[in-house]
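Produce the entire structure from the sequences given, and follow the hints as far as they go.
Protein chains in written order, with our numbering: chain A, 1 to 214; chain B, 1 to 181.
Honestly, the hints are just simulated from the structure, not real lab data. Each statement offered as a hint is correct.
Derived, one-sided and incomplete: chain B residues facing chain A with beta-carbon distance under 8 Å:
no., residue
1, Thr10
2, Gln21
3, Phe25
4, Arg26
5, Arg30
6, Val42
7, Arg109
8, Gln113
9, Leu162
Have a look at the derived ranges for each label pair, beta carbon to beta carbon:
no., chain 1, residue 1, chain 2, residue 2, range
10, A, Ala60, B, Arg52, 17 to 27 Å
11, A, Arg18, B, Arg160, 11 to 21 Å
12, A, Leu75, B, Ala19, 53 to 63 Å
13, B, Val146, A, Gly28, 23 to 33 Å
14, A, Leu69, B, Ser55, 34 to 44 Å
15, A, Gln31, B, Val149, 34 to 44 Å
Quick reminder that beta carbons are idealized off the backbone N, C-alpha and C, glycines included.
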Amino acid sequence: MMNEEIRAREERLRAILRQGDPAGGEAGLAQEEVRRVRRAVLAALPPFGEPRRRAFWMPAVAMTAAAALTLAIALGLWRAHTDPAGPARETGRQAVRVHVPPGPAPVLREAPEEGSPAPVAPSRESALPKAEAPRRPRSRGAVTPAAPPAAPPSLESARLASASEEGPEVPAVEPDSTLLPEEPAMRQVQFAAPGGTRVLWMLSTESVVDEFAE
Amino acid sequence: MERTYSSDATERLARLFDAHQERLFRLARRLSTDREEALDLVQETFLRAAGRPGSVPAGNSAEEAWLVRTLVNLVRDRYRRLSVRSRVHADLRRAGHGASHPEEAAVARATVQAALARLAPRRRAVVVLHELEGVPVSQVARLLGVSEVTVRWHLLAARRELAKALLPQPSEEVLEERRQR
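As C-alpha cells, this is what we get:
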C-alpha cells in the first residue's frame, strides 16, 4: 500500500514535470540558427590538427632552426679568422680605446729619437717618445684620414694637430723631420693620462690607412 | 596529408553536428533557463568537439554519450560560476512572474523550470533524461558516465526535492495518521 502511494506520487510528479517541460512547447532550432552554429563550429576546427599532433613537428623545427643558427655563427667566426684582410687591418694601426676623466692640462713631450729604423721591439719602448697627457675619448671609427705613405712627418703632424683641436690643453708636438728615417719605419707615441691610462700610438709608413677610410 | 586530415575532420564534425544538434539542443533547453543559454551550450559543446576531434569516440552512441557529458559539464561549470543564492532568487522571481500569466501552461512551465533550477546540474540532468526524455536508468548511466546506483540515488534525491516544490505537502493530520499506521 505504501509502495502504491509512492508510485502514485511519482507518477503525479512526472506528469507535472512533463506538463511544465521547458522544451515541450517550443520548437527546435531554426534553420538559420542551425546554419550559424554549424558554420561557427566548422570554422573552429584547427587547420593543422590537434595541438598534440602539432607538438610532434614543432620541436623538430625548433631544433633545426637552432642547429642552423649555430652553424651560421660558427661559419661566420671561422671565416673571420681565416680572412686574409682581417689581420692586415690589425697590423696597420693599433688603436686603443680609453675613457679619460677630465683632469689637469696634459703635458706632451716627445722623447729623444734613437734614429734607428728597426722594427719595434719591447726593449726599445723605454727609448721611444713618451708623452703624458689626458686621453680624449676616442671612438673606433675616428681614425686618421688617409695619407700618402711617402710623407710620414705630415701624417704625424696632422694627427697631433687634430688631437690639439679637440682638446685645447693638449699642445701639438712638432717632430723633428730630420730625425725621421726615409725607409719604412715605425714610430711610437705614448701618452700617459693622470688616471694611469697609457695610450700607445704606432705610426708606420707602411700602414694601409686607406682601408680605414672606408 | 594535412589536407586529408582537415577534410576528414571537417566531414566528421559536420556529420556529428547534423546527427546530434537537435537532440542536444532539446537537452540543453531543459537544463538551462532560457533558449539563448541553450543555444550557447550547444555551440560550446560542439566547439569542444572541434577543438579536440580526436577525443570524440567513434560510434553513434559513444559520440552521443561524449556530447551529453560535455554538455552536462558545461552546465555544471556555469552553475558553479553563478552564485546559488542569486540563481534561486532569480528563478523564484521568474516563477512568481509566470504565476501571474493567464495561461496555465506557462505557469506550469515556469514552476517546473524554477524547481529544476534548484537541482544540482548532474541531478538535474538525471531527472531530465529519465523523467522528461524517458531514457532508461542504464542508458542514463552510460550517457553520464556514472553507475546505475548513482543514477538511482540522484533520482531519489531529486524526486524528494521536486516534490517539495511542485506537489502539495500533506497536512499535519495526514502525517500524524501515517505515523500511527
